[in-house]
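J.: Each of the two chains sits in its own frame; use the hints to bring them together as a complex.
So the protein sequences, as listed, match chains A and B.
Each residue of the first sequence is one higher than the one before, counting from 1 in the working numbering.
Each residue of the second sequence is one higher than the one before, counting from 1 in the working numbering.
Don't read these hints as lab results, they were simulated from the structure.
The calculated lysine to aspartate or glutamate pairs, modelled on EDC-like cross-linking and capped at a C-alpha distance of 20 Å, are:
#1 B:392 with A:510
#2 B:425 with B:450
#3 B:346 with B:375
#4 A:79 with A:93
#5 B:124 with B:206
#6 B:425 with A:517
#7 B:40 with B:113
#8 B:392 with B:445
#9 B:425 with A:516
FRET-style restraints, in silico, Cβ to Cβ:
#10 A:493 with B:399: 36 to 46 Å
#11 A:36 with B:298: 28 to 38 Å
#12 A:516 with B:11: 40 to 50 Å
#13 A:146 with B:55: 28 to 38 Å
#14 A:425 with B:247: 50 to 60 Å
Some chain B residues close to chain A (C-beta under 10 Å, calculated; not the full set):
#15 272
#16 273
#17 274
#18 276
#19 305
#20 308
#21 315
#22 317
#23 320
#24 385
#25 389
#26 390
#27 392
Quick caveat, the model's predicted, so the values are computed rather than measured.
C-beta atoms are modelled at their ideal positions from N, C-alpha and C, and glycine is treated no differently.
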Amino acid sequence: MIPVAKPRTRRLTVIAQDPSIRVDGRVLTTEVEIPAEEIAPGPRGYRVQVVDYDTSSGVLYQPLEYPPLQNAQYLDPFKEDAQRATNENLITDPRFHQQNVYAIVMKTLARFEFALGRRISWGFPGHQINVAPHAFADANAFYSKHDQALVFGYFKGLSGQVVFSCLSHDVVAHETTHAILDGLRNRYTDPSSPEQAGFHEGFSDVVALLSVFSLTEVVGTLLQPKGGQKRKGYKSDLISPAELTIEKLRDSVLLGLAKQMGHEMEGVRGNRAHALRRSVKLRPLTDKDDPKTYEKLEEFQEPHRRGEILVAAMLNAFLQAWRARITQLERGRPGAKLDLKMVVEQGTDAADQLLTMAIRALDYAPPTDLQFRDYLSALVTADKELVPDDSKYQYRKILLKSFRDYGVKPASFNSPDGSWEACNAQLTYDRSHFESMMRDPDEVFRFIWENRQALKLEEHAYTKVTSVRPCLRIGPDGFALRETVAEYIQMVTLQAQELQFFDPPIGKPEGMSPDEEVTLYGGGSLIFDEYGRLKYQVFNRINNSSLQTPRLKYLWKYGYFADKDTEENAFARLHLSRALNLTTNVAERF
Amino acid sequence: MATTTGLKPTSLTIRAYQVGFGDCFLLTFLYAGATRKADKERHLLIDFGTTGMPETVDPDGQMMRVARDIEERCDGKLHLVVASHRHKDHISGFATREDGSGTGDIIAGLKPEIVVQPWTEDPKAKDPKKHGKGSKTHVAFGQQENSLQQQFVSALSDMNALSEAIQLEVSNLTSTKFTRGLNQELVDQIKFLSEDNGLANKSAVENLATMGTNHFVNYGYELNVSRLLPGIKLRFLGPPTLEQHAEIKKQRASDKSEFWMLQAAAQQFWSLQSATAELIGDFTSGNTRLFPSADVFQGFFPTHNRWFIRQLRALRGDQMLRLVRILDKAMNNTSVILLLEVGGKKLLFPGDAQIENWEYALHLDKNANLKLLKDVYFYKVGHHGSRNATPKTLWNNFATRSADKKKRGRLHTMVSTMKGKHGCKDSHTEVPRATLVNELMNHSEYMTTEESALSVDLKLTFQG
Chain A
1 MIPVAKPRTR
11 RLTVIAQDPS
21 IRVDGRVLTT
31 EVEIPAEEIA
41 PGPRGYRVQV
51 VDYDTSSGVL
61 YQPLEYPPLQ
71 NAQYLDPFKE
81 DAQRATNENL
91 ITDPRFHQQN
101 VYAIVMKTLA
111 RFEFALGRRI
121 SWGFPGHQIN
131 VAPHAFADAN
141 AFYSKHDQAL
151 VFGYFKGLSG
161 QVVFSCLSHD
171 VVAHETTHAI
181 LDGLRNRYTD
191 PSSPEQAGFH
201 EGFSDVVALL
211 SVFSLTEVVG
221 TLLQPKGGQK
231 RKGYKSDLIS
241 PAELTIEKLR
251 DSVLLGLAKQ
261 MGHEMEGVRG
271 NRAHALRRSV
281 KLRPLTDKDD
291 PKTYEKLEEF
301 QEPHRRGEIL
311 VAAMLNAFLQ
321 AWRARITQLE
331 RGRPGAKLDL
341 KMVVEQGTDA
351 ADQLLTMAIR
361 ALDYAPPTDL
371 QFRDYLSALV
381 TADKELVPDD
391 SKYQYRKILL
401 KSFRDYGVKP
411 ASFNSPDGSW
421 EACNAQLTYD
431 RSHFESMMRD
441 PDEVFRFIWE
451 NRQALKLEEH
461 AYTKVTSVRP
471 CLRIGPDGFA
481 LRETVAEYIQ
491 MVTLQAQELQ
501 FFDPPIGKPE
511 GMSPDEEVTL
521 YGGGSLIFDE
531 YGRLKYQVFN
541 RINNSSLQTP
551 RLKYLWKYGY
561 FADKDTEENA
571 FARLHLSRAL
581 NLTTNVAERF
Chain B
1 MATTTGLKPT
11 SLTIRAYQVG
21 FGDCFLLTFL
31 YAGATRKADK
41 ERHLLIDFGT
51 TGMPETVDPD
61 GQMMRVARDI
71 EERCDGKLHL
81 VVASHRHKDH
91 ISGFATREDG
101 SGTGDIIAGL
111 KPEIVVQPWT
121 EDPKAKDPKK
131 HGKGSKTHVA
141 FGQQENSLQQ
151 QFVSALSDMN
161 ALSEAIQLEV
171 SNLTSTKFTR
181 GLNQELVDQI
191 KFLSEDNGLA
201 NKSAVENLAT
211 MGTNHFVNYG
221 YELNVSRLLP
231 GIKLRFLGPP
241 TLEQHAEIKK
251 QRASDKSEFW
261 MLQAAAQQFW
271 SLQSATAELI
281 GDFTSGNTRL
291 FPSADVFQGF
301 FPTHNRWFIR
311 QLRALRGDQM
321 LRLVRILDKA
331 MNNTSVILLL
341 EVGGKKLLFP
351 GDAQIENWEY
361 ALHLDKNANL
371 KLLKDVYFYK
381 VGHHGSRNAT
391 PKTLWNNFAT
401 RSADKKKRGR
411 LHTMVSTMKG
421 KHGCKDSHTE
431 VPRATLVNEL
441 MNHSEYMTTE
451 ESALSVDLKL
461 TFQG
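Only chain B is shown next, with the shape it has when bound in the complex (with noise of 0.2 Å):
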């Protein structure tokens, strides 16, 4: 590659790809100045990935038209590639197919140099003996932070185990043997939250790993893209490690070692959970139950025993709906906080990072990091505008933000986002969240993918 040194972008076209409930960002440079045509245009990519598309877009079309277009767009060339963090509504995009037909061959054909993803991706900071599960070994509360690091990790790989284990369950519960079946709504958003924690990422994970040079950031990781991407300054701002989380906990305990107690019996109950969800599995693949020997109702249940059964399958259906809520906040808090730096201008992508993730650039380092986000030129919505991922302390730091349209330098925001795919309007935990939306909308020039067919552009154009 020839050199670019002193090459600064003069335009940037940010687009934000119709996928439905997802994510895919993929941001254009325009090196005006370039003398070789290979350089006048850079490409990074932010994620690529859906849960759901809605009843306009063709389903099983979409991500393929989506990939060809970000293919012609490179042009044979993608430069970064950052997987914020590895929900499928992020990353099944990337996923391939055994006869390279898949959309993540497409990508990965593009031949990204770097892949950005979360520390929590890196392999060595997974444990090879794993913790827990089938084994004897485990570690005392307050000890071995190295090795809860590991623990953490795997408690990730944990999460999306029971995600599987959870699909198959629910499905026995709308069984109508006997009993009724568990409430439809209920059902819907359990499978829904199950399917993005699950182990269906798996080929996309395995070519985010190969197709590039590999970064996994934590807050504060140093990453110069000068020479592919020149004129711009990535800076990451999440996920903390749990080092870093910790030292936000210690300040608050009078028990120092509370975090990492705590931080054990959170990994240690993934873990058991974990294995359970092999039970799971054999009891709904029909192989055995809990006491293989015993007797067991063959045919109607006792009158008296029916209403309290329908009960029990209710509240197993809440739990479950509990659980794949937990472990998908925590796994959307592995999120990258990307803030992008061009042009004079700033542009902050957070995946799905929830306050906890914000909470240590929000907390430790305040001062600092409220002054580096005062003048955010475009938001990335973060967790397609929930309620729990624009961290209020954010927004209202935002000096861009203002009801006057005309505002010189008014704040920018996108969603990709799809309504009623997502919690629900009674519990004030709809996506997006009205009162968001709100927000958004009459303090800065509001985006959203919700009525777009393929993709919504904006250009931003830099001086000198």
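Here chain A stands alone, though its shape is the one from the complex (with noise of 0.2 Å):
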């Protein structure tokens, strides 16, 4: 018998959005593609065990088994089911659950390796991350890196049905890219700014929106004429240019899908759809506009309004990148109704696209204190590496126009496109060895030591090499980069009294005692071509008053000395606080 070489991904049927998006009464389903492998029951893989424990009842459900591999095919054990007249027992079966939430972290976690070129780690000691779709009757969903685990609840929604947040494909995506970043970027959850902290979940509202917005049953259904009426301007599968300028994709498919993500389940997705709502709408700023920029206004001091800046500006980019294609698709026959189907595609082949490079970007962030500045650099220069001719769809252009429009310019303002200046300081290379630099930390860890003046590195600080990650990427025209991508981290605790002797001096907050302890931090990634040759250092310094005294202003106004022991759980909290609005003037307290 002749060996059968195994299929290298599988698909799987999940839900589209959420089961309150429907066609013809049922709910709207999609496949996905993920890698393959002999799932034990669970399902339970070698990145991801589903365990159905119910907190709130005491009951652990017995596992989905996946028949093994026949005819060189992994079966999809409710492709049928959802091809059915009707699919309401996608709902009632927690098997479909386990299956829905392992498929799309899968799908998330491959997207992330996909684009970044290598095996991506979580962000505890472990190679499986626990997924509990029913872990509790409440209104909530997060990641929890102290239990290694993506926790998803249910309640009692509305209409009186109980509401399954793990079949919300939006909140499994958000959940899953904390989880994600938090294994590629594990300093993003100190406690630095409010710029910082609204990354994380405006970066997780990103990559969670584009995925949906990457799928044509998605895009499709929102273009489509509702409830079967047809709308004005379609006929057939044909589309009138009318109905797609920037304004009417915006109502159409952004504001869509905001009105159509379950009303109940904003309690869940802490308001992601009101928070895409507001995104939307957030107006670009002119020049008549005072203050210049959203981050000085006293509400996006908070950390979720603060990521809105970040989902305003990206998901304006994707209007403007599908526009920018269709405008393609229009040449020679302005006027002429356009093919459904392909509006449609080049819609989510631009939101894709924008995943890709929001996901490559993160290589070439700094490793901590993370601005909004620092990542559209990150964004232009990865993007450059890759595709270095922009002109096709113009993707930085609109990126920087669409950043510009919400008061964020690149944070490298010496070279005319924004991305960072290639490091040019005076490095030796004598001691180093180049294959160990690939892979090694402590072979890195000796070239920036060696180099440490030159990488302008704090050399009385705690310095650590926390990761050395070769990659690579394939670029539309089929061109391979290859990169070696290390970060550091320094840190240095003291008294506060000490920060004095910074030059320039950092300052001390006003009210904190002067032997309070306070640790700053500092760190790079470092991005090595295939000689070995560093082609950038992204960092932020220790001794960088600028970035340090804000900073510990920030942390010392809300809280952050006074509220140490909250650290963990730290998304339970924060979407909790972003259901309930919750903030504390704490210089009131004792």
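T.: See below:
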């Protein structure tokens, strides 16, 4: 018998967005392609294990078991159910819920691994993340690093029916992104600034929403006439260009999704539909605006609100990119109706491309104290490295303009296109070994220690190389880019009264005791080219008064020093605080 | 009742009863100039509740002892009752029994003329159709502020229901079937807060609603008590209504409708939680489970699942504690903040009001109110001495506080509390908060109910 190669991927049915989005009364489903594996009962695989334990009833549900490989194919146990005239059993069968979370978590992880060109570790010591699809009776869902888990609650909704957060694509993708981002940049959960906290939320929203907009089923449904009624501008599968202006797309697709996202799910997704609505409606700033940036307004000191700036910039860029692609479809036949299917494909391609860019940028962002302006420079640089010619779809130009509309300019202001400047430090490579530098943190540490002055490291701080990752990225033209991405962090703990000894001095927050213990962070991402030469050093220094002073002031004002014990399950707390708008003026406390 | 025009109290006795973790203050005003015996004394009761007694006090008999003492002091007539908010530790003493033998029956028997409660207890503020739970109606963001006001009140009932469910669920988490039970300290904290916020107060709420003429107050509410308590002025500095609170938020936000949107979201959150509490009730009573026909493990759990199940149970415990803390705080912030002016002295009783309740008085009418509060002579320490209930702006504003024990008119402070019941030192949430107690001891005549058997008394005399 000739051995048959095992498939590398398999397709599994999931709910396209959430059970409230229906076509002809049926829950809208889709199939996602994920890495194939011999799944143990759970599903339990090499990166994800579903444990269907319900704490509120103290019950462990029997796990889903998958049939083994048959005729070189893996079967999807719910494929037929999904296609039936009524597919309500998907909602009432916990085993489908188990598959839904397993597949979306795996898909999201695979999406990151594809974009970054390497395996990604979780942010905790372990290979498999635990996923509890029915963790508790509560309108909440979150990532818990401490428990190595994604937990999804269920609750009785406005209709009196039970609502399952594990069945919302955007909720699962959002929480998974928190977990992945924590694996990639574990200092982003450190108390730092509203922007860094906002980034975790905003970025997870961006990934979740662009993942949903990458699904043709969802975008197609949002562009289709509602309830089978023909909307003006539609004729069979053609669509009028008048329906495809930026404003119309914003209304039909972005706000359309916000409207269709189950209203009752807002408590769980932390008002993501509301945030999506607000982000889309966030007005671009003009020269007449005072202040010139949203970040200066008090309400944008709250992390979720701040994160909406990122969502607004990225989603408006998505619309611009989509519109630019539609313009190319129209070329040569202005005013003619367009093939709806092609319009949808252009939209999903644009979402997919932006999603890849958004993920790749992480490698080019500083590993500590991230600001949106850093992320913008990282976005531009990462894309430029892989796609030097931006003329076809002009994504970089679109992104720069969209961020500028919301008051965010690239951190790298010396380069004309906002990308990071190449590293021009006088470095010595004499004592470093090229091969080891591609994978060995000790070797990289030796390199940065040898070059600590040229790399502007704080010599008196604790320094650690946290990761070394060789990556291979394939550009749209098939061009391969090989890089090694290494990260180091630095930290120093001292008393507040010692802040004055930095040059220039770091400001002690007003009212802080001189002997209060404070920790300052710094760190950098090092991007080595395929010859082991340092291309970019994207970093924040400890000895940076303009960064550290406002950071300490913010943390002091918002109670971090008073509530250090609340670090555990930070996302659960954040989601609750978003749902309930919880803030306390800690300056008034004893 | 004979005319009392021109009468002024000549002295006041403040009795802070030993109710463990709770509040109960009886204010007895003496009118030496009154001609009728019945007019010689007037009585004002502020709160009567407990959630736990110290080991040295008989937990069953103490509340009855207090009720009997109040009955005796009042000599058959209580003039005014203030129930600062509906927490058990403030109103459980008003609970009645079917056979009429409850402590609340004794208080009702004293026939108080007026009962003051926060506006959130006003039946008119409650929406009979109650949005959310089991209903398809809901209010769109930024619309129908009155309806949101009703939803807010409704949300308080939702919080009660959720507290009840959490009491049931936490018992489930202590079960040791196939896995370890929840940390006992965590369980105790959840139980304490969920019990304080639960529906057990129902008969007390009903008793308060029917024992006298009701006044449901908010910031700035005017209540003339010159007939009932001659020579005494009552001012209410909290709680603010939602509209009043919105004024603060609107000043800070670029989006003026932001406050209402967030309110709507928060009210819906509690409505969903309350509806979900019904599910928990069904689960714990063994009636059903989430997927009744799905197969579940009946024997030992798989070994590879056990670590995570333990983690998940602990996580749920944390989550429940977080929820009950939030709703506890929300309930605290409905507290009536009463400023009483008598004989040239000001006495401040803020219930359990926390910073968010105080925010309106200390922010919007800041200058006028800070001036008004500058010379407070007696301060009932807010929320049993917790860290969030004596805003530093308020404390620092008291011109009467002083390290000089001989200073004339020095501030008097009284706290009704019990150590080890609420919060913990490691997280700086212990009640009473050590740093606050230190301040109180150093800068005021500090009194506490902690060591007393029945009550701590303070007598104030007034000139002329």
